Structures are given as structure tokens and as C-alpha cells.
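Here is how the chains run, residue by residue.
Number of protein chains: 2
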Amino acid sequence: MHTRIKEYIESHGERFLSELFDLIRIPSVSAQPARRDDVLKAAEYVRARLEEIGAETELLPTDGFPLVYGKIEVSATAPTVVVYGHYDVQPAEPFELWQTPPFEPVLRDGKIYARGANDDKGQMYMQIKAVETLVRLGALPCNVKFLIEGEEEIGSASLDAAIKKYADRYAGDVMLISDTSIIHLNTPSLTVSLRGLAYVEVELTGPCRDLHSGHYGGAVENPCNVLCSMIHSLRDENYRITIPGFYDDVYELTAEERAKLAERPFDRTEYLRNLDMADTRGESGYSILEQASIRPSLDVNGIWGGYTGEGSKTVLPSKASAKISMRLVPHQRHDDIAEKFKKHFEAIAPPSMKVKTTTHHGGNPFMTPTDSTGYRAAAAALKECLGKEPIPTREGGSIPILALFNEVLNMPIVLMGFGYDTDGIHGPNEHYGLDNFFRGIESIAMFYHKYAELSKA
Amino acid sequence: MHTRIKEYIESHGERFLSELFDLIRIPSVSAQPARRDDVLKAAEYVRARLEEIGAETELLPTDGFPLVYGKIEVSATAPTVVVYGHYDVQPAEPFELWQTPPFEPVLRDGKIYARGANDDKGQMYMQIKAVETLVRLGALPCNVKFLIEGEEEIGSASLDAAIKKYADRYAGDVMLISDTSIIHLNTPSLTVSLRGLAYVEVELTGPCRDLHSGHYGGAVENPCNVLCSMIHSLRDENYRITIPGFYDDVYELTAEERAKLAERPFDRTEYLRNLDMADTRGESGYSILEQASIRPSLDVNGIWGGYTGEGSKTVLPSKASAKISMRLVPHQRHDDIAEKFKKHFEAIAPPSMKVKTTTHHGGNPFMTPTDSTGYRAAAAALKECLGKEPIPTREGGSIPILALFNEVLNMPIVLMGFGYDTDGIHGPNEHYGLDNFFRGIESIAMFYHKYAELSKA
Numbered sequence: 001m002h003t004r005i006k007e008y009i010e011s012h013g014e015r016f017l018s019e020l021f022d023l024i025r026i027p028s029v030s031a032q033p034a035r036r037d038d039v040l041k042a043a044e045y046v047r048a049r050l051e052e053i054g055a056e057t058e059l060l061p062t063d064g065f066p067l068v069y070g071k072i073e074v075s076a077t078a079p080t081v082v083v084y085g086h087y088d089v090q091p092a093e094p095f096e097l098w099q100t101p102p103f104e105p106v107l108r109d110g111k112i113y114a115r116g117a118n119d120d121k122g123q124m125y126m127q128i129k130a131v132e133t134l135v136r137l138g139a140l141p142c143n144v145k146f147l148i149e150g151e152e153e154i155g156s157a158s159l160d161a162a163i164k165k166y167a168d169r170y171a172g173d174v175m176l177i178s179d180t181s182i183i184h185l186n187t188p189s190l191t192v193s194l195r196g197l198a199y200v201e202v203e204l205t206g207p208c209r210d211l212h213s214g215h216y217g218g219a220v221e222n223p224c225n226v227l228c229s230m231i232h233s234l235r236d237e238n239y240r241i242t243i244p245g246f247y248d249d250v251y252e253l254t255a256e257e258r259a260k261l262a263e264r265p266f267d268r269t270e271y272l273r274n275l276d277m278a279d280t281r282g283e284s285g286y287s288i289l290e291q292a293s294i295r296p297s298l299d300v301n302g303i304w305g306g307y308t309g310e311g312s313k314t315v316l317p318s319k320a321s322a323k324i325s326m327r328l329v330p331h332q333r334h335d336d337i338a339e340k341f342k343k344h345f346e347a348i349a350p351p352s353m354k355v356k357t358t359t360h361h362g363g364n365p366f367m368t369p370t371d372s373t374g375y376r377a378a379a380a381a382l383k384e385c386l387g388k389e390p391i392p393t394r395e396g397g398s399i400p401i402l403a404l405f406n407e408v409l410n411m412p413i414v415l416m417g418f419g420y421d422t423d424g425i426h427g428p429n430e431h432y433g434l435d436n437f438f439r440g441i442e443s444i445a446m447f448y449h450k451y452a453e454l455s456k457a
Numbered sequence: 458m459h460t461r462i463k464e465y466i467e468s469h470g471e472r473f474l475s476e477l478f479d480l481i482r483i484p485s486v487s488a489q490p491a492r493r494d495d496v497l498k499a500a501e502y503v504r505a506r507l508e509e510i511g512a513e514t515e516l517l518p519t520d521g522f523p524l525v526y527g528k529i530e531v532s533a534t535a536p537t538v539v540v541y542g543h544y545d546v547q548p549a550e551p552f553e554l555w556q557t558p559p560f561e562p563v564l565r566d567g568k569i570y571a572r573g574a575n576d577d578k579g580q581m582y583m584q585i586k587a588v589e590t591l592v593r594l595g596a597l598p599c600n601v602k603f604l605i606e607g608e609e610e611i612g613s614a615s616l617d618a619a620i621k622k623y624a625d626r627y628a629g630d631v632m633l634i635s636d637t638s639i640i641h642l643n644t645p646s647l648t649v650s651l652r653g654l655a656y657v658e659v660e661l662t663g664p665c666r667d668l669h670s671g672h673y674g675g676a677v678e679n680p681c682n683v684l685c686s687m688i689h690s691l692r693d694e695n696y697r698i699t700i701p702g703f704y705d706d707v708y709e710l711t712a713e714e715r716a717k718l719a720e721r722p723f724d725r726t727e728y729l730r731n732l733d734m735a736d737t738r739g740e741s742g743y744s745i746l747e748q749a750s751i752r753p754s755l756d757v758n759g760i761w762g763g764y765t766g767e768g769s770k771t772v773l774p775s776k777a778s779a780k781i782s783m784r785l786v787p788h789q790r791h792d793d794i795a796e797k798f799k800k801h802f803e804a805i806a807p808p809s810m811k812v813k814t815t816t817h818h819g820g821n822p823f824m825t826p827t828d829s830t831g832y833r834a835a836a837a838a839l840k841e842c843l844g845k846e847p848i849p850t851r852e853g854g855s856i857p858i859l860a861l862f863n864e865v866l867n868m869p870i871v872l873m874g875f876g877y878d879t880d881g882i883h884g885p886n887e888h889y890g891l892d893n894f895f896r897g898i899e900s901i902a903m904f905y906h907k908y909a910e911l912s913k914a
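Line by line, the protein sequences are chains A and B. Using our numbering, you'd call the opening residue of the first sequence number 1 and step up by one each time. Using our numbering, you'd call the opening residue of the second sequence number 458 and step up by one each time.
Since the hints were derived computationally from the structure, they do not count as laboratory data. Given the structure is predicted, the values throughout are model-derived calculations rather than measurements. Cβ coordinates follow ideal geometry from the N, Cα and C atoms, glycine included. Take the hints with a grain of salt, since some may be wrong.
[What the hints assert, rightly or not] Listed next, the in silico SDA-like pairs over lysine to any residue satisfying Cα-Cα at most 25 Å (straight line):
id, chain 1, residue 1, chain 2, residue 2
1, A, 354, B, 686
2, A, 456, A, 409
3, B, 621, B, 864
4, B, 797, A, 308
5, B, 800, A, 232
6, A, 354, B, 555
[What the hints assert, rightly or not] Pulled a few chain B residues facing chain A out of the computed Cβ check, cut under 8 Å:
id, residue
7, 654
8, 666
9, 677
10, 681
11, 688
12, 736
13, 752
14, 761
15, 763
16, 765
17, 782
18, 807
19, 817
20, 881
21, 883
Full structure from sequences and hints, please.
This is the structure:
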């Protein structure tokens with residue numbers, strides 16, 4: 001079976017890629033209202049590709065962008081795998097930092113360069129092509145359902161209600177997702193935990209209008225300066241976050257768990273070289289890997305205020321704003337943290353400033369057990385296809401809706417991702433390795449066989 | 458004479474205003490390359506109006522925008538007044554904060570609303586109309602030369618070389634400038650000192666590309682967060698600037714000088730109400746007026762980094778930037794302060810960040826004596842036209858080229874401004890009172906008579 005799968009992928013790979021490129025060319029940026037039609041076009045494109053491989057399909061309406069539903073039933077007694085992915089992408093700005101236009105995919109050095117090449121068009125499309133491979137070989141041993149959404153990059157705003165509404169259609173035994181990283185194709189891994197996210201936008205208003213910095217500078221508090229001081233104060237000298245109660249629910253790993261985590265290969269020099277940084281710093285007492293996975297963080301994702309054009313303008317601005325997000329770890333809850341942030345931020349503002357805070361999408365952290373049938377099937381598939389037992393890893397990113405799936409659909413979730421952390425997702429020049437794409441399809445196809453076997457046992 | 462001056466202004470006031478409006482409609486923003494033709498158009502417009510009132514005129518080429526030169530000689534023995542002003546304006550962004558479009562002047566509540574209504578088109582045009590008044594009345598007692606430049610808002614970049622080149626043409630006895638404020642038409646004042654300006658742009662680069670804040674957040678230092686901390690650290694808890702050596706050359710006023718300054722009427726409640734601020738704070742130990750005039754300041758004029766568009770983006774940005782300016786007081790020197798800033802800013806950056814600093818235009822602080830013929834003539838004119846002896850004031854703004862005029866043209870400078878600090882220059886909804894415009898023309902015309910009289914004595 002493994003050989004037949006590899007042969008099919010080899011003889012159809014060029015078409016797989018060409019289909020993926022067509023999907024990438026649709027700039028389905030869910031955060032930008034001007035891209036609305038493109039997001040819908042991407043949904044329809046995915047639906048049509050599912051139809052082609054023999055699925056019953058439908059675009060399920062939600063309060064926002066539709067869910068692409070697809071279903072292939074092989075038998076009433078076979079186990080059912082629910083595949084989740086998303087057809088929307090992050091904004092591609094700033095465009096000028098891209099070597100080639102973000103929505104015109106190109107191959108360079110064995111990698112696909114484009115917005116969505118990895119996250120999640122590239123990874124999601126592997127799932128569809130893995131199922132195509134099994135269908136065409138007459139060797140699909142499980143029922144499959146597809147749940148491909150269009151609002152992942154804006155916090156899956158409509159998914160909560162939609163999942164509850166369509167819960168019956170999505171009944172199944174295991175959920176399979178490719179939207180995370182693998183350490184390397186030579187060092188396979190499966191993600192067992194993800195961080196959550198709380199995202200708040202803040203706006204300070206000082207004087208009610210922009211002022212001349214000569215007439216007022218020194219006397220009137222400047223919201224840009226004040227915002228800097230407030231943001232500075234959100235972390236102490238050990239880079240611990242100072243928001244009261246922030247660490248209350250943080251799960252502290254045992255010494256054993258931390259030791260296991262430290263087994264993951266990590267080369268600090270190479271890590272910094274890749275980022276072109278002389279040094280870096282995070283919370284005292286934790287390694288870089290720990291700082292970026294098992295510890296919460298606070299980052300300014302955007303900041304703006306005053307005159308940012310060419311040349312100089314001597315303005316004392318009326319307003320300053322920032323987008324600030326916090327990555328959360330088990331068992332922090334995003335709504336609790338967003339509230340604590342807002343309360344604290346308002347409390348530390350000087351009386352000269354009016355504060356407005358707005359919560360953007362959030363999501364809770366996630367952990368999955370390693371003894372489920374799904375996890376074991378994925379581990380077996382990776383071992384067969386990539387040659388090694390996968391390492392269970394804890395990742396720093398977030399898939400906010402995993403907690404929801406756990407709660408509403410009530411099935412184990414397997415995070416079988418094939419991207420690299422260095423793929424530049426969410427930034428310019430996002431890319432995805434051709435090897436990752438094709439070996440991913442192969443491993444996913446094998447997953448279905450391992451899962452069917454283990455389910456029978 | 459005073460009566461004839463008032464009558465002439467009254468009967469020609471409507472045309473004066475209409476001419477000023479035409480000048481304002483030319484968006485001569487010197488900082489914006491796209492406005493280049495408009496800046497040149499404004500120069501030509503001013504030249505043509507000078508020609509109309511009987512001046513020999515010329516556009517004197519410089520390395521940047523031309524100087525508008527104008528000369529009216531009444532006799533070889535009469536004293537010569539050199540009028541300085543500028544025909545360029547600040548950028549009007551952000552446009553959406555203007556109640557009416559910035560380059561379409563309108564009258565509202567007795568005020569002209571437009572970019573440049575005050576700074577400096579409105580004030581500069583008073584000078585031209587005052588001379589017209591005297592010329593048409595056959596009562597101009599002094600020779601006049603006009604020096605109207607087009608780069609004041611970008612630091613008079615070409616003026617240094619140009620003034621040296623054209624120094625002979627601009628020989629004279631006193632320089633008269635309307636580009637500052639008056640306390641009120643009911644409380645006349647003359648500016649005796651101005652602050653200087655050092656303006657630096659900084660850019661931090663952390664990782665060489667934008668990163669996913671989930672994969673890297675907590676481990677990789679974020680240039681936006683670091684920039685906030687660095688800016689915060691530039692002032693201590695007493696709002697004193699922490700740059701080493703920053704205060705070395707600051708002139709500390711005597712107790713007597715500070716007492717004199719405190720005589721200026723000031724209503725803290727009204728000041729805050731006008732800004733719609735509950736409170737404000739500046740350097741400890743100084744009053745608001747002092748903080749904004751005799752003490753140096755440090756303001757962020759602009760800050761930007763990361764994603765600043767709609768919605769949310771979970772990016773850990775590669776870069777963060779800010780425009781930071783410092784108002785300087787006698788005897789600080791802008792080049793020295795800019796150097797100290799840059800050296801300090803580079804020194805406090807953590808090893809994770811690459812720092813780039815760029816100096817924008819600067820200017821030295823200025824003080825003028827109160828016993829010169831020019832100052833006494835201006836005081837006498839204001840007393841006659843506005844009814845009270847003017848108060849000598851120290852202002853917070855900067856006219857960077859005054860130090861240059863002092864040095865190269867070597868004549869006393871009289872700062873006879875008629876704007877209010879609340880006119881919103883450099884910000885949205887800049888305005889200028891009609892009364893200020895017309896009473897200004899009247900007072901300036903009287904200045905020529907007082908100056909001629911005092912020169913004879």
C-alpha cells in the first residue's frame with residue numbers, strides 16, 4: 001500500500017501543485033473587507049476540488065464566511081476521520097518586503113513562496129490530496145468529513161455557533177489537522193500542546209487635537225511617550241508580565257516534563273543566525289524553547305501614533321495606539337486574561353490620558369493526550385514514512401478553535417503538521433518545502449490505514 | 458497717520474483676505490516631494506503680490522526652493538527693514554481630523570480655518586499688506602526688503618548657504634518677523650526667546666524578517682516592545698531627560714527672571730479644558746509655562762511598527778521606528794544634542810537590536826535684547842494700536858534660522874507675532890483670527906513709523 005501511495009503521488013504531483021497554486025492565487029485575506037469576494041472564491045474553489053475527488057459537498061452558511069463541508073462515506077462501520085483546515089490567509093502587508101508578489105506563487109530552491117504556501121493552504125491541500133490518492137487507489141479505509149473554514153486568521157469568529165449548529169454532520173471518531181509544525185522531515189514530531197491567545201487593541205488620547213510640539217512640548221503629556229512607558233511597564237526586569245493575576249492559572253511543567261522538552265534538538269547559534277540577531281532575551285529562568293512554548297508572552301504586534309510620513313513634523317499627537325497580544329499556556333483562559341489586561345492597562349494610565357481598549361479574537365490553550373488511537377496512528381504513519389518515531393512537541397502558536405472542537409465535537413484531535421518554524425508564516429516571503437508537501441500527503445494517506453488497523457484491534 | 462492706516466485697511470480688508478485665501482489654496486507642503494510644484498507656485502504667487510505693491514522682485518535660486526526677494530527703496534538715508542517669512546506649510550495629514558478641507562480656507566466664528574492660516578501664510582501676508590498700506594498712503598518711511606523662504610517647515614535646509622550668498626542684498630538695520638504668538642490682542646506681547654530643536658529618527662531592527670508571534674513570542678525580543686522601553690528610559694521619574702550631558706549647557710533663569718515670567722496671565726483650568734485633559738505633567742519643579750518655554754523637552758512626534766491595519770495580525774515585527782524631537786533652550790546647541798542623543802540611544806539598545814539613527818533638521822535656541830531700536834519701536838506700535846505695553850515673553854516654538862540671521866546678517870531681530878498658542882498650527886483645524894490678521898496689519902504699519910522716528914532720535 002505504501003508503495004502504491006508513493007507512486008500515485010509521484011505521477012500526479014505536478015497537478016497537485018498546480019491546483020494548490022490556483023488556490024494560493026486567490027487572495028483570501030479574511031481580515032480585509034475589500035477581499036471578501038476572494039475569500040468566498042477560495043471557499044468555492046476548495047468545494048469544487050472536494051467534489052472532484054468524490055465527496056458530497058456543500059458550503060455551510062455561517063454568520064461570516066461559509067464552512068466547506070465534504071463527506072466521503074466508505075461504509076457505515078468504518079471509523080470516521082474529520083479533517084479540519086482553513087482557506088483564509090493572513091494579510092500580506094507590507095508588500096514591499098516580499099521578494100516576489102505574495103499571491104503569485106513561485107518555486108525557488110525547492111520551496112513554494114507565497115502567502116498561504118504553508119498556512120494553511122499548503123497544509124490543508126495535502127489533506128485533500130491524501131484522500132484523493134486513497135480514493136483513486138480504491139483504498140480509503142475510513143469515512144472522511146471535511147471542515148474547512150474561512151475565518152481562522154480572524155479568530156474563527158463564526159465557528160462557535162456554526163459548529164454547534166452543524167455538530168451532527170460532523171460526528172466522527174478523530175479530528176485530523178495539518179496547521180502546525182514538524183521539527184524536521186528527518187526528526188518527525190507531533191504537536192501535543194499549543195498556546196492560546198488574548199489580543200487587545202489600545203488607544204490613548206491625550207490632548208483633544210494634535211498640538212505644536214514647540215508650544216506644548218514639555219508641559220503637555222504626549223500619548224506616544226506615555227504609551228511607550230505603559231507598554232514598558234507591562235514586563236519587569238526579568239521579562240515577567242506584571243499584569244496582576246496573569247500567572248495565576250499557568251501550568252508549571254514538572255522537572256521531568258521540562259527534561260523531556262529539552263531533548264528536542266536545538267541550536268541557539270543557528271536559531272539566532274537564522275534571525276540575523278546577535279542575541280535575544282526572554283523570561284529569566286527558561287530556555288528559548290520553553291519561552292516560546294510553555295511560557296506565556298506579551299508582544300506588541302503593531303504600534304502607531306503621530307506623524308509617520310516622510311520627513312519631519314513637529315507634532316505632539318493627540319492619540320497613540322497599539323495592538324498587543326499575549327500567548328497563553330494551559331490553564332490560562334483568554335477571556336480572563338483579556339479582562340485582566342484591560343483592567344490593569346486602564347489602571348496604570350496617568351490621569352492625563354483617556355484609554356480605550358478593544359478585544360480582538362482570542363483562544364484558549366490546548367493539550368492533547370498521547371495515548372489516543374489517533375495519536376498512535378499518526379505516530380505509526382510518521383515512523384513508516386519518515387523513518388523515526390515522532391517526538392511529542394509543545395508549540396508556541398495557537399489554533400483557538402481546538403478547545404471548541406474538544407468541547408462540542410468531543411473527539412481526540414491529532415495535530416499532524418508538516419511546516420517548519422522557519423517558513424515565515426504570517427510574515428513576508430512565507431514559504432513551504434516541496435518535500436514537506438509531498439511527504440506530508442504520503443504520511444497523511446498512511447495515517448488512514450494505521451488508524452483503521454488500530455481501530456479494529 | 459494711525460487713522461489713515463486704519464481706514465485703508467478697513468476699505469481694502471476684503472481684498473486682503475481674498476488674496477490670502479488664494480495663497481492658502483496652494484498646498485505648498487515642502488516636506489512632501491509630490492507637492493513640489495505647489496511650493497513653487499506659492500513662491501511665484503507671493504512674488505507677484507510684492508510686484509503689485511511696487512517692489513522690485515526676484516525669485517532667488519537656492520539648492521532647494523527659491524527665496525522670494527522684494528525691495529522697496531524710499532531713500533538712500535532711510536533705515537532698512539528686512540521682513541522674513543515663509544510660504545511653505547506643514548503637512549496637513551491626518552486629513553480626516555479636519556472639519557473642513559485644509560486647503561480650502563473658510564471663515565467660521567471670526568476665524569480663518571486652513572493649513573497655513575496662521576503659520577505662516579496668514580502672518581507673513583500681514584507684513585505684505587502693511588507695506589502695501591503705507592505705499593498706497595504715500596507714507597512708507599523706511600526701505601523694505603522681503604526674504605520669504607519655502608523651506609521653513611523642513612528646517613530651512615538651503616537657507617544657510619543662500620543667506621551667505623545673498624548677504625549683500627539683504628543688508629539692513631532690523632529684521633521683522635511675524636511667525637510667533639501674542640498672548641492676546643488685549644494683552645500684547647513680544648517674543649524675546651525661542652527654543653531650539655533637535656530632531657532624530659530612529660529605527661530598530663530585531664529579527665531580519667517579520668515573525669509569527671506564536672512561534673517566537675516570548676523568546677525573540679520584539680523591536681516594538683524594546684523601542685517602547687528605550688523611549689521610556691529617556692526620561693526619569695521626574696520627567697528629566699536622561700541623556701548624559703543633556704543639561705550641560707542649559708541656561709537656568711534667575712529667580713528674578715522666573716518671577717517676571719510668572720506675571721504672564723495663565724489659567725491652568727482653562728488650559729486643560731482647552732486641551733480636554735483631566736491633568737498633565739512635565740518636569741518636576743517647574744510651572745507649565747516654564748516647562749513649555751525655558752525648559753528643554755523630548756517628544757515622540759511619530760512612532761510606528763508592525764501591523765497597523767484593520768483587524769488583528771499576530772506578527773512579531775522585524776522593525777520599529779520613531780521620530781523623536783527635543784526642544785532646546787539657550788545655550789544648548791542642536792548638533793551637540795543630536796549627537797548626544799544618538800550616542801546614548803545606540804548605547805542603551807540591547808544586543809538583540811540593530812539601531813539606525815538619522816538626524817532631521819535642527820536649529821539653535823534664540824534670545825533677543827529688549828533695548829534695541831527695533832524692540833522699542835515694536836513695543837511703541839503695539840502700545841498705540843492695542844492699548845497696552847507689551848509683555849516680553851519666552852516661547853516654546855522654534856525658528857531655527859534666527860541664529861543664522863544673527864550671525865550672517867548681523868542685525869537685531871524683532872519677533873512681532875499675532876497668532877494664539879491655541880490656533881492649532883501644525884495640527885488639524887489650524888486657524889487664525891480675523892482680528893489678529895487685521896490688527897496685525899495695523900500694528901506692523903505703525904511699526905515702520907515708530908522705527909523711523911526712533912532711528913532719527
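Hints, verified against the model:
1. A/354 x B/686: With Cα atoms ~21 Å apart, residue 354 of chain A and residue 686 of chain B stay inside 25 Å; holds.
2. A/456 x A/409: Distance ~22 Å between residue 456 of chain A and residue 409 of chain A Cα, so the pair holds.
3. B/621 x B/864: holds, 10 Å
4. B/797 x A/308: Roughly 24 Å separates the two Cα atoms, so the pair holds.
5. B/800 x A/232: Within the cut-off at roughly 22 Å; holds.
6. A/354 x B/555: Between residue 354 of chain A and residue 555 of chain B the Cα gap is close to 21 Å, so the pair holds against 25 Å.
7. 654: holds, 7 Å
8. 666: holds, 5 Å
9. 677: holds, 5 Å
10. 681: holds, 4 Å
11. 688: OK, holds: residue 688 of chain B within 8 Å of chain A, min 4 Å.
12. 736: holds, 4 Å
13. 752: This hint holds: residue 752 of chain B lies near chain A, its Cβ roughly 5 Å from the closest one there, short of 8 Å.
14. 761: holds, 4 Å
15. 763: Since the shortest Cβ distance to chain A is 4 Å, the answer is holds.
16. 765: holds, 4 Å
17. 782: For residue 782 of chain B, the interface hint holds, since the closest Cβ of chain A sits about 6 Å away, which is under 8 Å.
18. 807: holds, 7 Å
19. 817: holds, 4 Å
20. 881: holds, 6 Å
21. 883: Nearest chain A Cβ about 4 Å off; hint holds.
Going down the numbered hints, you'll see the structure goes against none, and every one checks out.
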